[in-house]
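Visitor: The chain contents come next:
There are 2 protein chains.
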Amino acid sequence: MKKIINAVEKVEDQMIEGMVKAYPQYVKKLDCGNVVVRADKKEGKVALISGGGSGHEPAHGGFVGKGMLDAAVAGAVFTSPTPDQIYEGIKAIATDKGVLMVVKNYTGDVMNFEMAAEMAEMEGIKVAHVVTNDDVAVEDSTWTTGRRGVAGTVFVHKIAGAKAETGAELEEVQAVAQKVIDNVRTMGMAIKPCIVPAAGTPGFELGEDEMEIGIGIHGEPGTHREALRPADEIVDMLLEKILADIDYNGSEVAVMVNGCGATPLMELFIVNNRVADVLAEKGIKVYKTFVGEYMTSIEMEGFSISLLRLDDEMKELLDAEADTPAFKA
Amino acid sequence: MKKIINAVEKVEDQMIEGMVKAYPQYVKKLDCGNVVVRADKKEGKVALISGGGSGHEPAHGGFVGKGMLDAAVAGAVFTSPTPDQIYEGIKAIATDKGVLMVVKNYTGDVMNFEMAAEMAEMEGIKVAHVVTNDDVAVEDSTWTTGRRGVAGTVFVHKIAGAKAETGAELEEVQAVAQKVIDNVRTMGMAIKPCIVPAAGTPGFELGEDEMEIGIGIHGEPGTHREALRPADEIVDMLLEKILADIDYNGSEVAVMVNGCGATPLMELFIVNNRVADVLAEKGIKVYKTFVGEYMTSIEMEGFSISLLRLDDEMKELLDAEADTPAFKA
Numbered sequence: 004m005k006k007i008i009n010a011v012e013k014v015e016d017q018m019i020e021g022m023v024k025a026y027p028q029y030v031k032k033l034d035c036g037n038v039v040v041r042a043d044k045k046e047g048k049v050a051l052i053s054g055g056g057s058g059h060e061p062a063h064g065g066f067v068g069k070g071m072l073d074a075a076v077a078g079a080v081f082t083s084p085t086p087d088q089i090y091e092g093i094k095a096i097a098t099d100k101g102v103l104m105v106v107k108n109y110t111g112d113v114m115n116f117e118m119a120a121e122m123a124e125m126e127g128i129k130v131a132h133v134v135t136n137d138d139v140a141v142e143d144s145t146w147t148t149g150r151r152g153v154a155g156t157v158f159v160h161k162i163a164g165a166k167a168e169t170g171a172e173l174e175e176v177q178a179v180a181q182k183v184i185d186n187v188r189t190m191g192m193a194i195k196p197c198i199v200p201a202a203g204t205p206g207f208e209l210g211e212d213e214m215e216i217g218i219g220i221h222g223e224p225g226t227h228r229e230a231l232r233p234a235d236e237i238v239d240m241l242l243e244k245i246l247a248d249i250d251y252n253g254s255e256v257a258v259m260v261n262g263c264g265a266t267p268l269m270e271l272f273i274v275n276n277r278v279a280d281v282l283a284e285k286g287i288k289v290y291k292t293f294v295g296e297y298m299t300s301i302e303m304e305g306f307s308i309s310l311l312r313l314d315d316e317m318k319e320l321l322d323a324e325a326d327t328p329a330f331k332a
Numbered sequence: 004m005k006k007i008i009n010a011v012e013k014v015e016d017q018m019i020e021g022m023v024k025a026y027p028q029y030v031k032k033l034d035c036g037n038v039v040v041r042a043d044k045k046e047g048k049v050a051l052i053s054g055g056g057s058g059h060e061p062a063h064g065g066f067v068g069k070g071m072l073d074a075a076v077a078g079a080v081f082t083s084p085t086p087d088q089i090y091e092g093i094k095a096i097a098t099d100k101g102v103l104m105v106v107k108n109y110t111g112d113v114m115n116f117e118m119a120a121e122m123a124e125m126e127g128i129k130v131a132h133v134v135t136n137d138d139v140a141v142e143d144s145t146w147t148t149g150r151r152g153v154a155g156t157v158f159v160h161k162i163a164g165a166k167a168e169t170g171a172e173l174e175e176v177q178a179v180a181q182k183v184i185d186n187v188r189t190m191g192m193a194i195k196p197c198i199v200p201a202a203g204t205p206g207f208e209l210g211e212d213e214m215e216i217g218i219g220i221h222g223e224p225g226t227h228r229e230a231l232r233p234a235d236e237i238v239d240m241l242l243e244k245i246l247a248d249i250d251y252n253g254s255e256v257a258v259m260v261n262g263c264g265a266t267p268l269m270e271l272f273i274v275n276n277r278v279a280d281v282l283a284e285k286g287i288k289v290y291k292t293f294v295g296e297y298m299t300s301i302e303m304e305g306f307s308i309s310l311l312r313l314d315d316e317m318k319e320l321l322d323a324e325a326d327t328p329a330f331k332a
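In order, the protein sequences belong to chains A and B. Here the first sequence is numbered in our numbering, starting from 4 and rising by one per residue. Here the second sequence is numbered in our numbering, starting from 4 and rising by one per residue.
One thing to keep in mind: the hints can contain errors.
The list treats identical chains as one, so a pair stands whether inside a single copy or across any two.
To be verified - Computed cross-link-like contacts, DSSO-like style, restricted to lysine-lysine with a CA-CA straight-line distance of at most 27 Å: (1) 45 x 69; (2) 32 x 331; (3) 69 x 318; (4) 288 x 32; (5) 288 x 318; (6) 195 x 5; (7) 32 x 69; (8) 48 x 331; (9) 244 x 5; (10) 331 x 69.
To be clear, the hints were calculated from the coordinates, so they are not data collected in a lab.
With the sequences and hints as input, model every part of the structure.
Guide: And the structure:
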């Protein structure tokens, strides 16, 4: 294992410390594990919390700030944070308007966030939640019943976060978050695995000429493994499955071409070149495109494509001001 | 060579096409090779142009937009653009106030940008230039006489770009660009090489336990190769050389922890954790920190640290609005 770290057992703590030291104008850390909250608590709005295992940076701490999240809770690498940690995060950001939890659909995350919500509700805090499940690759997976929540989650942070800034009620913020979930689909692939520091060896092996199609954000298997093909053919394969899942005909979409952590931007732009062409051919209008690393798997090399079918409300909220370390609009 | 591409000979073109299709609100492409310019030409200000070989994404096309560059010229991977291409870029953005070229110190780049400037001056366009040389690692290199221009160049784009937006004259924009160059220092390292697509094999080899200290942004050798050490010790080694080069005592600095293309954010934050601690110990105040991929070497894994010693003018210009695909302020 060749990594730029100090010690396996310090990876998560030193990473979060390094993030907080980089962005004191945006975030501060609570004294209960790796929970970061907005540097200045914003009252009078619904507060958003998200999180999950570490290893998905900039998710989720990088999205804490104006117009997105109020708190992000990070467990050990690829491991759900504990209910206690999530509960502390909820308490720190709770306002009279309540708290919305944005949870990616992984069994451990869903269970722990729900337990934290129960603890908070016993203290009189209003809590609602949504579960993202945008990955069209597989129905169930190693760690999930139902579809996995992957990069499309970032659109939920952005759009529900913007709605919360308008002063909307908890039910309204939850409703728009659910609308994003209902309209976003993602699929990914990888050509190189990542190594969880505490494990020390890759989570899976790929031959020099192989790729994994439909991979999850922890390197969980996808639909199948096959010989590496040209970028355009890979894009066609992923888009075919995404476009078959809901009706994108005649719609306007936001596109996210998301790198898995070690994918050079060069390759992501080559991917987007084909994504844009295919959508144009099919008469699907691209409203806005995001190319970069939003939801990673440490140093996995690969990408995912997310398409969000937009309406006027989502467009307006997508464009609204966001000021966070990793996402500005 | 395992890459997500279509064909080696199409890498640069499809990458730039994919970038332009992602960001039509920011950039458009000229019909003379891979030259991108602001989607809406801005009159009444000094126009900035930069560029170099491809492979450094998001540099330089990702920095075209309000408050930074007006044009970016991309040659083949790690190869200077031709004088003709640069000349076309200059012509497309030239205003009555003139054009400032920001050139990284590599022999081919300097020669070709200077030839392009001569061509433009014969057409009556006012052109000035600065040469960035922030890398403290080595005095000369494979491709350079004098120090190399590396990630610190992005601070020149930001600060000189902001100055140009104020309507300042060419000499003033050039002067502040030079002030940044005089005050910024960088040093980098790598644990994994990159592969130039047309070459098909890594530019250098490193053992499973080795790192290269002082590496350049094309994988050129640095000061030495040694056994991989903990992140904190590597940071100390790089900072020692940076801090010895100019007097940072009692000053305020901007920090950039730049990933080389395949470095997970997790590692960059662990690096910043130490950078912040060392600067605090030495009484050097951090004004603002940037952690991410700004000046890459395709899929090289490693990082560089840049420190910019600030004065009030540079602080104000660093904070001024920038709206580009890869840098927003």
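Visitor: Could you run down the list of hints and mark each one as holding or not?
Guide: Against the structure, the hints come out as follows:
no.: 1; hint: 45 x 69; result: within (9 Å within a copy, 30 Å between copies)
no.: 2; hint: 32 x 331; result: both (21 Å within a copy, 24 Å between copies)
no.: 3; hint: 69 x 318; result: both (18 Å within a copy, 23 Å between copies)
no.: 4; hint: 288 x 32; result: between (41 Å within a copy, 20 Å between copies)
no.: 5; hint: 288 x 318; result: within (13 Å within a copy, 40 Å between copies)
no.: 6; hint: 195 x 5; result: both (14 Å within a copy, 9 Å between copies)
no.: 7; hint: 32 x 69; result: within (16 Å within a copy, 33 Å between copies)
no.: 8; hint: 48 x 331; result: both (20 Å within a copy, 26 Å between copies)
no.: 9; hint: 244 x 5; result: between (35 Å within a copy, 24 Å between copies)
no.: 10; hint: 331 x 69; result: both (9 Å within a copy, 15 Å between copies)
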